[in-house]
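Novice: I would like the entire structure built from these sequences, with the hints used as guidance.
Residue numbers (this note's numbering), protein chains in the order written: chain U, 1 to 375; chain H, 376 to 668.
Treat the hints loosely; a few may be bogus.
Taking lysine-lysine and the DSSO-like style, the derived pairs with C-alpha atoms no more than 27 Å apart in a straight line are [what the hints assert, rightly or not]:
no.	chain 1	residue 1	chain 2	residue 2
1	H	Lys578	U	Lys121
2	H	Lys422	U	Lys144
3	U	Lys88	H	Lys578
Hints are computed from structural coordinates only; laboratory data are not their basis. Model, not experiment: these values are computed from the prediction.
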Amino acid sequence: MSQPVFAPWDDPNEKPLIRFDDVTKRFGDFVAIDNLSLSIYESEFFALLGPSGCGKTTMMRMLAGFENPSAGKIELAGKNIAGVPPNKRAVNMMFQSYALFPHLSIWENIAFGLKRGDMTKADIAVRVEEMLKLTRLTKFAKRKPHQISGGQRQRVALARALAKAPKLLLLDEPLGALDKKLRQDTQFELMDIQESTGTTFVIVTHDQEEAMTVASRVAVMDEGQIIQVATPDRIYEAPNSVYVADFIGDVNIISGTVKAAGDEMYHLDWVANEAPLLAASDRTFSESQPAHLAIRPEKIAISVDKPTEMKNAVQGTVLDIAYLGNLSTYHVQLGGGQVIKAQTANTRRLSRRTITWEDSVWISWSATAGVLLER
Amino acid sequence: MNIRRFILIAVPYAWLLALFLIPFIIVFKISLSDLALSIPPYSPTAKDGISAMFKAFDLENFIFLASDDLYWRAYLSSLKIALISTILAVLVGYPMAYGMARAPEEWRPTLMMLVILPFWTSFLIRVYAWVGILSNEGLLNQFLLWLGIIDAPLTIMNTTTAVYIGIVYTYLPFMILPIYAALDRLDESLIEAAEDLGCSRLKAFWLVTIPLSRNGIIAGCFLVFIPALGEFVIPSLLGGSGTLMIGKVLFEEFFNNRDWPVASAVAVILLLILIVPIVLFQRNQQRQAEVES
Ligand SMILES: Nc1ncnc2c1ncn2[C@@H]1O[C@H](COP(=O)(O)OP(=O)(O)OP(=O)(O)O)[C@@H](O)[C@H]1O
Ligand SMILES: [Mg+2]
Numbered sequence: 001m002s003q004p005v006f007a008p009w010d011d012p013n014e015k016p017l018i019r020f021d022d023v024t025k026r027f028g029d030f031v032a033i034d035n036l037s038l039s040i041y042e043s044e045f046f047a048l049l050g051p052s053g054c055g056k057t058t059m060m061r062m063l064a065g066f067e068n069p070s071a072g073k074i075e076l077a078g079k080n081i082a083g084v085p086p087n088k089r090a091v092n093m094m095f096q097s098y099a100l101f102p103h104l105s106i107w108e109n110i111a112f113g114l115k116r117g118d119m120t121k122a123d124i125a126v127r128v129e130e131m132l133k134l135t136r137l138t139k140f141a142k143r144k145p146h147q148i149s150g151g152q153r154q155r156v157a158l159a160r161a162l163a164k165a166p167k168l169l170l171l172d173e174p175l176g177a178l179d180k181k182l183r184q185d186t187q188f189e190l191m192d193i194q195e196s197t198g199t200t201f202v203i204v205t206h207d208q209e210e211a212m213t214v215a216s217r218v219a220v221m222d223e224g225q226i227i228q229v230a231t232p233d234r235i236y237e238a239p240n241s242v243y244v245a246d247f248i249g250d251v252n253i254i255s256g257t258v259k260a261a262g263d264e265m266y267h268l269d270w271v272a273n274e275a276p277l278l279a280a281s282d283r284t285f286s287e288s289q290p291a292h293l294a295i296r297p298e299k300i301a302i303s304v305d306k307p308t309e310m311k312n313a314v315q316g317t318v319l320d321i322a323y324l325g326n327l328s329t330y331h332v333q334l335g336g337g338q339v340i341k342a343q344t345a346n347t348r349r350l351s352r353r354t355i356t357w358e359d360s361v362w363i364s365w366s367a368t369a370g371v372l373l374e375r
Numbered sequence: 376m377n378i379r380r381f382i383l384i385a386v387p388y389a390w391l392l393a394l395f396l397i398p399f400i401i402v403f404k405i406s407l408s409d410l411a412l413s414i415p416p417y418s419p420t421a422k423d424g425i426s427a428m429f430k431a432f433d434l435e436n437f438i439f440l441a442s443d444d445l446y447w448r449a450y451l452s453s454l455k456i457a458l459i460s461t462i463l464a465v466l467v468g469y470p471m472a473y474g475m476a477r478a479p480e481e482w483r484p485t486l487m488m489l490v491i492l493p494f495w496t497s498f499l500i501r502v503y504a505w506v507g508i509l510s511n512e513g514l515l516n517q518f519l520l521w522l523g524i525i526d527a528p529l530t531i532m533n534t535t536t537a538v539y540i541g542i543v544y545t546y547l548p549f550m551i552l553p554i555y556a557a558l559d560r561l562d563e564s565l566i567e568a569a570e571d572l573g574c575s576r577l578k579a580f581w582l583v584t585i586p587l588s589r590n591g592i593i594a595g596c597f598l599v600f601i602p603a604l605g606e607f608v609i610p611s612l613l614g615g616s617g618t619l620m621i622g623k624v625l626f627e628e629f630f631n632n633r634d635w636p637v638a639s640a641v642a643v644i645l646l647l648i649l650i651v652p653i654v655l656f657q658r659n660q661q662r663q664a665e666v667e668s
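Specialist: Put into structure tokens, the structure is as follows:
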């Protein structure tokens, strides 16, 4: 039995819930959002990823109604939302600074939004208890925000934003202050909530692993622009630029110039005294065009003897070994001085490892292991 | 180390002792004495011998204060005037403080200056200026007549209204500054969060801004109420004979009647009345410091 894949972005008949249409946001002379267009669909879990100051919070604030675009328009469910005040939008935001009300208890903070609607007192109490349980804050319900820890505060902010079950939930770095275990649990809870309520989530995060875990699609931003929007696996396997490849996960970048080498195949000349590297690409390159080959460390094999079946094999010496428990990363210095990272799974015990520091080794990868990029 | 600590603590206490406790004890001592035609105008004094002096002390003046209704009417009237002035000062001061806190960053020092500026001229001159504004031929009446809003001058001078105007005017900065300090600290994103959760602007103001500036309001109220209660200059210059305030009574006892013992008793009672709000004020400040730490 095959489940229908959730991919409304591939369906031309699907109407997006949110549409940024050539949106620009300026603060004085400074362009925070630069002519950005983007569609987000209902029930998506959409992650915004990018370096500090690239405009993630600004996008959220425009969706929540605290900023208006300087140019362009934003549509929510087909309607231009310029000028609709924040309290009239079916959107809730979890603030990066949490913005908990210091004069109210945790309980009252979570109930704050619910009290603004027409819920009965009893229903509000039930809902708040539910939220407290979900975020494991039941014990702290009576405390004030300054009497709990940073991570607990973050959970209160999350609970408060979730409580109203909005159509669109904006989470600005919701899990940054949590420890790894709680963070993973909360990620799965978020995904559960998202699945059970069908709420559309837009989440900002600095943690690419988190984005990959929770998101249906990821947008990688830089300086107010979106560089690539795609599903996590596409972003990882088929980045459209060195910037994206480098931003998401670990990557080796080898720069050179390309020569055609058959059907969707190219040779990359990279250093003078080494054989050209063979790479498959569905993008077309012109002759001698500068290009970059991006290869993930786990796609590179490392061996003592020269591998025979691999298309690309280069010799080098082991500079460093980073032991990560389940994985080991070998830093291999090539003849030209470049250092390439190769990663292997530690399925054997450490003592039986055959490769050590200063060893001369071969690293190798197939023609389809890497992505050939123009920029 | 311990000596240093001792000195650090001793200096402010010595200061308080010299400037507050000792004068208070002297006043208290005089309040227990009797009026006398001598210099100083009371007896007994330490010249009569310490034990004789203590024997001659009595509570006669306090009993007199309680029996003559002038005094307790003056206390009540002062409390009422101070209370109403405080409320008026909140109503006038809060919007001003709010406006200052919301003004663009670069304007704020200027606005702050404007609030503090009146302190640079003598208090007495500023109160006299109000005589020129409020009297029958004063600026306000002439202006209103010129506009045609009234056809006969309003009598404001020498009424309680003039006293309220004077007190609110004089003590307004004490109301504005603590409220401004509280509003200035208020994190803008809290208002945004309230709006995001469904509050209108007004509702967010009521549910977030007001509670979070509460300590500033309370501090301001005490800072206005406490000096207004014992106020003497404003009621005597603007209030005329119709306004009864304990500060004025005290002044008259002291300088017109030269009855130092009764005047001292009035002052002691006034101080006792003031201790309640002063203690409450200190508590409020302390609580605020605790929350912020
Ligand atoms: N009100 C404002 N006035 C002027 N500049 C602003 C304002 N708000 C944001 N900016 C600028 O816009 C840019 C984008 O800010 P934004 O807060 O959206 O960044 P961000 O991507 O959320 O960063 P971070 O990951 O650090 O939270 C920044 O360079 C910031 O300095
Ligand atoms: Mg941000």
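Novice: Could you run down the list of hints and mark each one as holding or not?
Specialist: These are the hints, each one checked on the structure:
1. H/Lys578 - U/Lys121: 19 Å, holds
2. H/Lys422 - U/Lys144: 62 Å, violated
3. U/Lys88 - H/Lys578: 13 Å, holds
The earlier numbered hint that this structure contradicts is number 2, and it is the only one.
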